[in-house]
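With chain A's structure known, arrange chain B on it following the hints.
Number of protein chains: 2
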Amino acid sequence: MHRTYSMRQSRAPTASQVESPPPPISTTKSGRWLGKGGIGHAFRKNAAGAFGPDLAKKLSQLVKMEKNAMRSMELVARERMEVAQQLSIWGEACDEDVSDVTDKLGVLIYEIGELEDMFVDRYDQYRVTIKSIRNIEASVQPSRDRKQKITDEIAKLKYKDPNSPRIVVLEQELVRAEAESLVAEAQLSNITREKVKAAFQYQFDALREHSEKVAIVAGYGKHLLDLIDDTPVTPGETRHAYDGYDASKAIIQDCEDALTNWVSSKAVVKSSLSQRSRTLSQRHRSNLNKNREGVDLSGQDQPLAGDRDSWLPADQHPNYEDGDDGVSTIEGELRGREEEREPITV
Amino acid sequence: MHRTYSMRQSRAPTASQVESPPPPISTTKSGRWLGKGGIGHAFRKNAAGAFGPDLAKKLSQLVKMEKNAMRSMELVARERMEVAQQLSIWGEACDEDVSDVTDKLGVLIYEIGELEDMFVDRYDQYRVTIKSIRNIEASVQPSRDRKQKITDEIAKLKYKDPNSPRIVVLEQELVRAEAESLVAEAQLSNITREKVKAAFQYQFDALREHSEKVAIVAGYGKHLLDLIDDTPVTPGETRHAYDGYDASKAIIQDCEDALTNWVSSKAVVKSSLSQRSRTLSQRHRSNLNKNREGVDLSGQDQPLAGDRDSWLPADQHPNYEDGDDGVSTIEGELRGREEEREPITV
Chain A
1 MHRTYSMRQS
11 RAPTASQVES
21 PPPPISTTKS
31 GRWLGKGGIG
41 HAFRKNAAGA
51 FGPDLAKKLS
61 QLVKMEKNAM
71 RSMELVARER
81 MEVAQQLSIW
91 GEACDEDVSD
101 VTDKLGVLIY
111 EIGELEDMFV
121 DRYDQYRVTI
131 KSIRNIEASV
141 QPSRDRKQKI
151 TDEIAKLKYK
161 DPNSPRIVVL
171 EQELVRAEAE
181 SLVAEAQLSN
191 ITREKVKAAF
201 QYQFDALREH
211 SEKVAIVAGY
221 GKHLLDLIDD
231 TPVTPGETRH
241 AYDGYDASKA
251 IIQDCEDALT
261 NWVSSKAVVK
271 SSLSQRSRTL
281 SQRHRSNLNK
291 NREGVDLSGQ
301 DQPLAGDRDS
311 WLPADQHPNY
321 EDGDDGVSTI
331 EGELRGREEE
341 REPITV
Chain B
1 MHRTYSMRQS
11 RAPTASQVES
21 PPPPISTTKS
31 GRWLGKGGIG
41 HAFRKNAAGA
51 FGPDLAKKLS
61 QLVKMEKNAM
71 RSMELVARER
81 MEVAQQLSIW
91 GEACDEDVSD
101 VTDKLGVLIY
111 EIGELEDMFV
121 DRYDQYRVTI
131 KSIRNIEASV
141 QPSRDRKQKI
151 TDEIAKLKYK
161 DPNSPRIVVL
171 EQELVRAEAE
181 SLVAEAQLSN
191 ITREKVKAAF
201 QYQFDALREH
211 SEKVAIVAGY
221 GKHLLDLIDD
231 TPVTPGETRH
241 AYDGYDASKA
251 IIQDCEDALT
261 NWVSSKAVVK
271 SSLSQRSRTL
281 SQRHRSNLNK
291 NREGVDLSGQ
301 DQPLAGDRDS
311 WLPADQHPNY
321 EDGDDGVSTI
331 EGELRGREEE
341 REPITV
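These protein sequence lines map, in sequence, to chains A and B. Taking UniProt numbering, the leading residue of the first sequence gets 1, the next gets one more, and so forth. Taking UniProt numbering, the leading residue of the second sequence gets 1, the next gets one more, and so forth.
Treat the hints as calculated values from the structure; they're not laboratory data. It should be emphasised that the depicted structure is a prediction, and the values quoted were computed from it without experimental measurement. It is possible that part of the hints are untrue.
Chain copies aren't distinguished; within one or between two, either way the pair holds.
[Unchecked claim] Mimicking PhoX-like on lysine-lysine, the simulated pairs with C-alpha atoms at most 20 angstroms apart in a straight line are:
1. Lys195 - Lys222
2. Lys149 - Lys195
3. Lys222 - Lys197
4. Lys266 - Lys64
5. Lys249 - Lys270
6. Lys197 - Lys249
7. Lys266 - Lys222
8. Lys195 - Lys131
9. Lys57 - Lys131
10. Lys222 - Lys160
11. Lys270 - Lys222
12. Lys270 - Lys195
13. Lys195 - Lys57
14. Lys160 - Lys290
15. Lys156 - Lys290
16. Lys290 - Lys270
17. Lys158 - Lys57
One chain only, chain A, in its complex shape:
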């Protein structure tokens, strides 16, 4: 492609890749039998969330939409590389200086395409992390359903046959279901937070690295343009022989070095907080810590050993009541322990 130089010949890993090794190649890059998006995108978008448990539907849709976005980003990367090649091809027929500079510009633009392609791989890591929240959401749904189903059944029996011995059996079942549900909801809460943070850290780090690198390439592109002699000639006048080959090569080399040595600790675009934001964020954090010290719940619950047998059944807890737990967990919160209620008999 590029007649004189390509940044992509047997390249050693960049400093940034050594610092944080690149992720495996994006999962969107294989199995593309429906061509360049279009039909595939529409299908994915519409089908997402049509199956699977309620709780995970919105997130399933998000995951599918991200896949579409990634495919489109890949398309941009590919088309940018094609554009770079065509620019070189056009330049070949021009005068020496225009030809050399457009060829080198082609190298830089091809490099931007490569950077975009690498960004897609890192974006996929974000998407996979979001997917793991979807999975935990999907796995929590059955335990919510089970609890709800038993609660409904007890209510129905109490109305139709208040003395049925099955009520006792069902109430014991409910106690077990609630214990399971408490664990599931805590897992959901913990994993959602952990993964949301991890996923967006990943996305934003990748975005920042990608953006700064593209800005670096654009800067070197402007240096290349200086090599074109744009003083107008009069008809019949000949331009002087071009002697910028070494200079253009050196600029590309500088650009390559700058990209190779980029590490996130050297990132120069700062997003600093205003005094107001800093104060508010600090207040939020210190409130969190204060609350945590004030209401220490760590002694109240034993750490979860991974199996639910190490747990007390919910009915043996001091303030246990089934009440409208169904409602409060539907809102995504666990209020069972906070309210003062009458204990029920088993």
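Same frame as chain A, now just chain B:
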């Protein structure tokens, strides 16, 4: 969409827009009757360069490929905005802190989509500038063709009927055609250089602004993530009430301010040249200037007044000869004046 805040409500122009007003909306954004690319892309790519004069074919193809690339970038922008909305929708059902933060993350990601959309408009300016080179290339072709045709005709006549009086007429015609061609080639050389520089200045400036802004947004995104309380809770434990609404709003406000105030003179990503590149570039520039002083051609040709009548016919120039001018201009260079040749008689 975003429940609490959007950056895009009645926004004043940013500092960067005031510095250099935004271009008109991209020409790729209208007349999209073939849907989301795919077929349109393939058609454009294959049809480009199939018509029109030879000289402009490669550049026509480039212009069409850039249109494809722009359409794909638009698609990414649109899909990113959709993703942002879906993220907000999913977050609504989560706990207060996750809900607030994902909503605000949605605002930031939507903003990235908007930035991408604005970038497409500026990229179109680059494309339109490249298109103007294609137009001059296309307009130079007929004058090359005419000169070639007359030269061929004279050669044929000289072989078949060396005493034909038509030869004299044709030779006079050739002289006029060559004068026209000299002007056309000089125009091509001057305009190509001017426009290549302008086009890529535009592209690289747009890229740099876009990249730095995206990096800024990514940085504020990371600040938002700090508001999520990711200390794990044990089953049944309740999280404390969330008090980060003001902090998250202030972070978005900071981000908006940073984007509004960005101007290219404040760009922080530097692409500095190494000593070697700087030396080579300077040598190139000083050579250019030296050559320009050494061989001053400004007295040799009168400035072009816009009509070709103010010009001497080519045959009245001291070293005029038709020779293999056809070949040298096909290579895109004007060598006619440099070589010592025998004058021909009119």
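Status of each hint after checking the structure:
Taking identical chains as interchangeable, the C-alpha atoms of lysine 195 and lysine 222 lie at most 20 angstroms apart only when they sit on different chains, with a minimum of 14 angstroms there against 40 angstroms within one chain. Taking the shortest alpha-carbon separations for lysine 149 and lysine 195, neither the intra-copy value of 30 angstroms nor the inter-copy value of 72 angstroms comes in at or below 20 angstroms. For a Cα distance limit of 20 angstroms, the shortest separation of lysine 222 from lysine 197 across copies, 9 angstroms, qualifies, whereas the shortest one inside one copy, 37 angstroms, does not. With identical chains, the CA atoms of lysine 266 and lysine 64 are never at most 20 angstroms apart, being 34 angstroms at best within one copy and 38 angstroms at best between copies.
Proximity of lysine 249 and lysine 270 under a CA criterion of 20 angstroms is satisfied inter-copy only: 19 angstroms between copies versus 31 angstroms inside one chain copy. In this assembly of identical chains, the alpha carbons of lysine 197 and lysine 249 lie at most 20 angstroms apart only when taken from different copies (18 angstroms versus 42 angstroms within one copy). Within a single copy, lysine 266 and lysine 222 get their C-alpha atoms only as close as 22 angstroms, which misses the 20 angstroms cut-off; across copies the closest is 17 angstroms, which meets it. Taking the shortest Cα distances, lysine 195 and lysine 131 sit within 20 angstroms of each other inside one copy (9 angstroms), while across copies they are farther apart (47 angstroms).
Proximity of lysine 57 to lysine 131 under the C-alpha cut-off of 20 angstroms is restricted to the intra-copy arrangement: shortest distance 12 angstroms within a copy versus 47 angstroms between copies. In this assembly of identical chains, the alpha carbons of lysine 222 and lysine 160 never lie at most 20 angstroms apart, being 82 angstroms within a copy and 56 angstroms across copies at closest. Taking the closest pair of Cα atoms, lysine 270 and lysine 222 come within 20 angstroms of each other only across two copies (11 angstroms); inside a single copy the shortest separation is 23 angstroms, beyond that limit. Taking the shortest alpha-carbon separations for lysine 270 and lysine 195, neither the intra-copy value of 25 angstroms nor the inter-copy value of 34 angstroms comes in at or below 20 angstroms.
Only within a single protomer do lysine 195 and lysine 57 lie at most 20 angstroms apart by alpha-carbon distance; the minimum there is 17 angstroms, versus 51 angstroms between protomers. Taking CA atoms no more than 20 angstroms apart as the test, lysine 160 paired with lysine 290 passes in neither setting, with 50 angstroms inside one copy and 106 angstroms between copies. Taking the shortest Cα distances, lysine 156 and lysine 290 never come within 20 angstroms of each other, neither inside one copy (45 angstroms) nor across copies (100 angstroms). When the C-alpha separation of lysine 290 and lysine 270 is checked against a cutoff of 20 angstroms, the pair qualifies neither within a copy, at 30 angstroms, nor between copies, at 44 angstroms.
Taking the shortest alpha-carbon separations for lysine 158 and lysine 57, neither the intra-copy value of 34 angstroms nor the inter-copy value of 84 angstroms comes in at or below 20 angstroms.
Hint check: violations occur at hints 2, 4, 10, 12, 14, 15, 16 and 17; the rest are consistent with the structure.
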